[in-house]
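Asks: Spelled out, the chains give:
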Amino acid sequence: MKTDSLSSSWVSKQSPVGLAVLGAGFLFAFFSENYFYIEILMLAAVYGIFAMSWDILTGYTHEVNFGFALFVGGAGYLSGILNLRMGVSPWLTIPVGALAAGLAGVIIGYLTLRLKGPYFAMVTLAFASIVYKLAFILYDYTGGEEGISGLAPLTSDPRWDLLAVWSATAAVYVVLRTYAGSKHGHILKAIRADEDAAQSSGINTAYYKIEAFALSGFLGGIGGGLFAHSQMQVGPTMLSGYISIIVVLLAMIGGMGTIVGPLIGALVLSLLNEYLRVIEEYRIVVYSGLLILFIYLAPEGFANLGFVKKSRVLSSLILGERRVK
Amino acid sequence: MEIIILGTVRGALYSLIAVGFVLVFSVGGILNLAHGTYYMLGAYLTFIFYSLLFHGGSSGILIVSAGLALVSVGLIAAVVYQVLLRPNIGSVTYVMVMTLALALFVGEVMALLFGVSGTSVPSFIEGSTRIGDVKVVNQQLLTVPIIVCVLPALWLFLRKTKMGRGIEAVAQQRVAAILMGVDADRALLVTYALSASMAASAGALIAPVSSVVPEMWLFPLIKAFAIAILGGMGSVVGAVIASFLMGYAEVFTSFLIGEHLSEMLALVVIALVLIIKPSGILGKMAR
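Sequence order for the protein chains is A and B.
If you're matching positions, the first sequence starts at 1 in the working numbering and goes up one per residue.
If you're matching positions, the second sequence starts at 1 in the working numbering and goes up one per residue.
Hints should not be assumed to be uniformly reliable.
[Stated by the list, open to error] Partner residues are not named here, just some residues of chain A that face chain B (Cβ under 7 Å, in silico):
#, residue
1, Leu111
2, Pro118
3, Met122
4, Ala126
5, Ser129
6, Met252
7, Ile284
8, Leu291
9, Leu293
10, Leu297
11, Ala298
[As the list claims (entries may be wrong)] One side only, chain A facing chain B, incomplete, derived with CB under 10 Å:
#, residue
12, Ala121
13, Phe127
14, Leu134
15, Ala171
16, Ser244
17, Ile246
Bear in mind the hints are in silico, worked out from the structure with no lab data behind them.
Just so it is clear, CB atoms sit at the ideal spot from N, CA and C, and this is done for glycine as well.
All chains, please: the whole structure from these sequences, using the hints.
Replies: Structure below.
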C-alpha cells in the first residue's frame, strides 16, 4: 500500500489497548493526588519498561536473555555512583548509565552470537551473576550488601516523578513498536524462524542480533536508571537473579514478541503484587505461585492466546494487527 | 596435598550434583533450572523428617530421614515433571522459565516456613580424620565413598537394565529409540526423578556441614551448569571429570587468591568455555 501516507500506516499498526493504557496512565499522573498509588504505579511502569525492553530481544529472536538484571542493575549502579560521588544530575546520569548498558549489550551480543537456546540463556545468566558478585567485591564503590542510598530524586514532586517515568514508558513503547514494525523487526522475526535461511538471503544476521541486544540494553538501562532514582537507592537486589526472573515471567505472561503484551502484563502483575500486600507474610509465595499458574495456563502469554489471534476484533484491539480481507 | 584432598572432597560433591543435571539434559534436551531446588529440598526434607517427624534421635534415624528425603524428592520431581513440564516439554524456553519460577517459589515457601536464617541438622558421623597433615571433617569425607558407590551403580543401571538402556538410547537418538519401542516419555520421567534424587542426596549430605537456608539452591545450580558446560553438555563422563577439575581449581584459587574469587570461578568458566569452545571437553554441540 504505497498510497498510504507514512503517518496513517504508522497509526494503523498501533494497538488501541496499548495506547489506551498509556493514556490512562498520563491522566492518572496529571490528576491523582494519592501518593501511595503514585509510588505503586511508578514501580509498575518501571517494570513495564523492563519487560518491553527484554521483549525486543527475546520476543523477536526467541533467544532467552536470563540476565536482564545486568542492564537494570548495571545502569542503576552507574547512574547512582555518578550522581552520589560526582554530583551529576539524574537527567545526565540516566542516559550515561543507559549508554553503558547498551554498550554492554553490544559486547555480550558479540560474544554470544554463536550460542543458541539453553547455552545462550545460561551465558547471559552467568554474565549477570558475575556482575552481581562484583557488586559485593567492589565494596568501596557499590556499598556491598547495603548498596548506596541517598540518590537525588528525579524531580522534587512524586507526581512529576511519575509523569517523567510514565513519559519514558510511553517513549520506550513507541520506539519499540516502531522498531518492531520496521524492517529491522521483520528481520529479527526472520532470524527467529530460520537463521540460516535469513543468512543465505543476504542478511547480516549478526548485525541485527547485536543491534537488538544493544537496544534492549539501552532501554533497559533507562529503566534501571529511573528505578534507581525514583527509589533513591541502588542495592544488589537490582542485579540479582530475582529481577531477571521476574522480568522474564512478566514478559512471557504478557505475551512475547508483541511489546504491548509485556507492557500490560508487567503493569497488571506489578499492581497485583502490590494488592497482595494485604497478606504481606505470604505475598511473595502467593505471587510467585500465581506466576507459575499463569505460565502453566498460557505458556505463550495472554496476548498470544489462540482466541486473541484468531478473533479479528481482539487481535486488532490488542495487537494492532489489521488483516486485509 | 591439601589442595588434592579438599579438591577431591569438593569434586565428589559436585559430581553428585552435576551428573543428574547432565543426564536430564542429554535425555530430554531440557535445562532443568530447578536442579538446585531439589538439592535444597534434600537438605530441608532431611531436616523436616529428622527434627519434626522423628523429633531427633541417633544417627541411624538421621540416615533413615535422609533416605526418606531422597525418595520424597524423587516423587516430587516426578509429579513436577508429569504435571508442570510434560505438557510443554518441547519448548526449551518454557521448561527453563517454569523450572526457574519453581526454584523461586520453593525458595520463598521455605523462607516462609522456616525463616531466612535457616536451620541445621547434626552430622551423620561426628569428628574428623587426619590424612597426612590435613584435617577433614568426616561428614564431608563421606561424599567420597558415596560417590564411589553411586557412580558405578548409575553406570550399571544405564548399561545393564532395560530401563537404563532405554534412557541411553533416547539420549543417543530419540527418534530411533522410539521406533525401537522405547517409551521416551517414561525414560525422561525416570531420569528426571533419578537426577532429582541424586541432587537431593548431595543436599542431605551437605546439610550438617553448611547451614540450610532458602537461598541455597542457586549455588549448586550455577556449579552444575558450569560443570556441565566444561564437561560438555550431555556427556556424563565429561561431567565427572569436570566436577573434579572444578573442585581442584576452586580450592586452588581460594588458597591462592581468596574465597570470594573462587566463587566467581564457576561463572568465569561458564562464560569462557561457552565463548571459546561451546562443546566443552567431551561434548557434541547440540543445535
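Asks: Now look at each hint and say whether the structure bears it out.
Replies: Right, here's what the structure says about each hint:
no.: 1; hint: Leu111; verdict: holds (5 Å)
no.: 2; hint: Pro118; verdict: holds (4 Å)
no.: 3; hint: Met122; verdict: holds (5 Å)
no.: 4; hint: Ala126; verdict: holds (4 Å)
no.: 5; hint: Ser129; verdict: holds (5 Å)
no.: 6; hint: Met252; verdict: holds (6 Å)
no.: 7; hint: Ile284; verdict: holds (5 Å)
no.: 8; hint: Leu291; verdict: holds (6 Å)
no.: 9; hint: Leu293; verdict: violated (10 Å)
no.: 10; hint: Leu297; verdict: violated (10 Å)
no.: 11; hint: Ala298; verdict: violated (11 Å)
no.: 12; hint: Ala121; verdict: holds (6 Å)
no.: 13; hint: Phe127; verdict: holds (6 Å)
no.: 14; hint: Leu134; verdict: holds (8 Å)
no.: 15; hint: Ala171; verdict: violated (28 Å)
no.: 16; hint: Ser244; verdict: holds (9 Å)
no.: 17; hint: Ile246; verdict: holds (8 Å)
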